[in-house]
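Assemble chain B onto chain A, guided by the hints.
Chains as they are written, first to last, in the numbering used here: chain A, 641 to 726; chain B, 2 to 589.
I should point out that these hints are in silico values taken from the structure, not numbers from a laboratory.
Warning: the hint list may mix true and false statements.
[Unchecked claim] Label pairs and their calculated CB-CB ranges:
(1) Ile686/A <-> Asp442/B: 57 to 65 angstroms
(2) Leu449/B <-> Met680/A: 54 to 62 angstroms
(3) Pro564/B <-> Asn647/A: 21 to 29 angstroms
(4) Asn647/A <-> Val220/B: 56 to 64 angstroms
Since the model is a prediction, treat every value here as computed from it, not as a measurement.
Glycine is no exception: its CB is placed at the ideal position from the N, C-alpha and C atoms.
Residue-level listing of the chains:
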Amino acid sequence: MKTEVNNAKGYWRATLRLTVSLLIIWFIVSFGAGILFRDMLDQFSIGGAPLGFWFAQNGSIYVFLILIVVYCIQMTKLEKKYGIKG
Amino acid sequence: MDQSIWTYIFVAVTFGLYIGIAIWAKAGSTQEFYVAGHDVPPVINGMATAADWMSAASFLSMAGLIAFLGYGGSVYLMGWTGGYVLLALLLAPFLREFGKFTVPDFVGDRYYSKTARVIAVICALFVSFTYIAGQMKGVGVAFSGFLGVPFNVGVFIGSGIVFIYAVLGGMKGITYTQVAQYVVLIFAYTVPAIFISLIITNNPIPQLGFIGRAAGTDVSMLTKLNNVVTDLGFTEYTSTTKSKMDVFCITAALMFGTAGLPHVIIRFFTVPSAKAARQSAGYALMFIALLYTVAPAVGAFARLNFIDSVNEATYIADGEDYVARATAITAGGGKPVPLWYKDWEKTGLLQYQDLNGDGIMQYRGPNAPDDLENEVEPNRDIFVLANPQIAQLPGWVVGLVVAGGLAAALSTAAGLLMVISSAISHDLMKRTFRPHMSEKDEMRIARLSAAIAVIAAGFIGAYASQLPFVAQVVAFAFGLAAASLFPVIFLGIFWKRVNKEGAIAAMLTGLITTFAYIYYFKFGSGTEAQWLFGVSPEGIGFVFMWLALIIGVCTSLMTPAPPQEVQDLVEDIRIPGQRAARSLTPAE
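Isolated chain A, as found in the complex (with noise of 0.2 angstroms):
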């Protein structure tokens, strides 16, 4: 019983932590490459196009559609370890 609290404990304090770095590479794609630092990044190109504005319209959701598969791989060998049958 004692080592099932603790294993729930650890579980939930990793998935934050996951979470946390996950949302951290969210907010850098979008709102700080797609927005707030676009006009430094065009001065880059990829391909034809500014890399700020490339990353606004469609890079940034190229790496959403990975951070999610991130978190589903994580989450799954989270689970193995804690002994967490989801």
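Positioned in the frame of chain A, the structure of chain B alone reads:
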């Protein structure tokens, strides 16, 4: 074969398909009616969520909006996809673990209060009704523009179809029709986009054409577009006139609004587990991204192509023989107005006024260097609608685009209808006023309220269409979802200490402030100079969301902690499988 015959065939076949699916997936219990029996596989739910989410606005208007706004259109692209990260990480798996039917269900149980439940019902109803009216209007536009059916009749045909499959099949019927609708709409969107991309950039993949070179030149497509639009006196395509602060807040309001929209959230109640909820958020975004990464390319191509073929063209009036005149103009070294322009002019989506009387169509922005006045007014929906003809695709592609637009509008309308019907039959009747009602009665009321809601939405769509505010109410839906529903759901999962008082205070704060602000600036006498922190009504939901969070936290800290069983509930929904394990014990 004639183009309109193709359109009839596509619309009839797809409508028949939707009804067939509804009969096959008839709901037998409240569990099936509200949440499709909790057993929809993640991929299927992802696809259904994508169709649920992508409305007539995404399908018909977004690319055109981006074509006009350029970089400014990014708020929709980031806002309407970034919200899925919030859903996947912060809400969906936990709400699924909670395991009930509706959003007000969670608010009512988590905050052990009928008052909180009823306020959540009001928020959900308000958000969903504003949204559904817009969908019904989209159906009317598609019917009147392509099938020669009067606008109102179109709205009622659309309402009738949704009525059949939503009232009969409930969430189960809606889920499988939405899957079919997704397939129709994504096919209809990408096929013309591929051909346009080939014409403008020689690259069949629109996402690559977007960052590639303009066909026949060695400059990039975007550089060419920037040059073309600034030459005509428009803002540079990759820039915006909006302030950074405003772009930031609108994007954020759309993201948090997406995460707080009840018709999106309830889709995640239909999967078997928290794990499946996470996965299906990923699938949903994947299916949405297929359209959303193509849209900015379509927008840019369409703008370039529009200017290329329409600006400085010689106009041919309706009475004249088009072919003879066009040949004569070309022979004289001029450029005749394209045939597709003449076709679409009849719908009123394109307007030309020969202000300087030279018979040539001048398309100009507000800062035109040659001081000529703009003579051409295109409606933004024209870009997606006319794409197949601009790309000279066969007539059946036009029929496909119409069927796709209808699929987008109907799938979203059905999802919204579920929210309205379950909020009334489940949250108001069963859980608030008539707790001893039998399951059979609850089903009957659920079907009845879905029926009344679809009729009401049809009437709003049909008769509110003349009023200018239908497009503006979208700001309401997202702002209110972000400021009123998101904070209480988020706090309810991540902070055990938040209590009934805090939740009620937070919801009321978000609801009242956002409503008042949008109302004052959209329909009242507010002017841009009075904007709070320079934030437009579209973005204000994000500002008031923080206010609601702060008020919710402070009120909770000043009042007693929630009861132990509620705190246990919060602990349980954080750990997958915990609640299911606990409910096996008789104490629960």
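Consistency of the hints with the structure:
1. The hint said 57 to 65 angstroms for the Cβ distance between Ile686/A and Asp442/B, and at roughly 59 angstroms that hint holds.
2. At roughly 58 angstroms, the beta carbons of Leu449/B and Met680/A sit within the given window of 54 to 62 angstroms.
3. Evaluation of the 21 to 29 angstroms hint for Pro564/B and Asn647/A yields a pass: the beta carbon distance comes to about 25 angstroms.
4. As the Cβ distance of Asn647/A to Val220/B is approximately 60 angstroms, the hint placing it in 56 to 64 angstroms holds.
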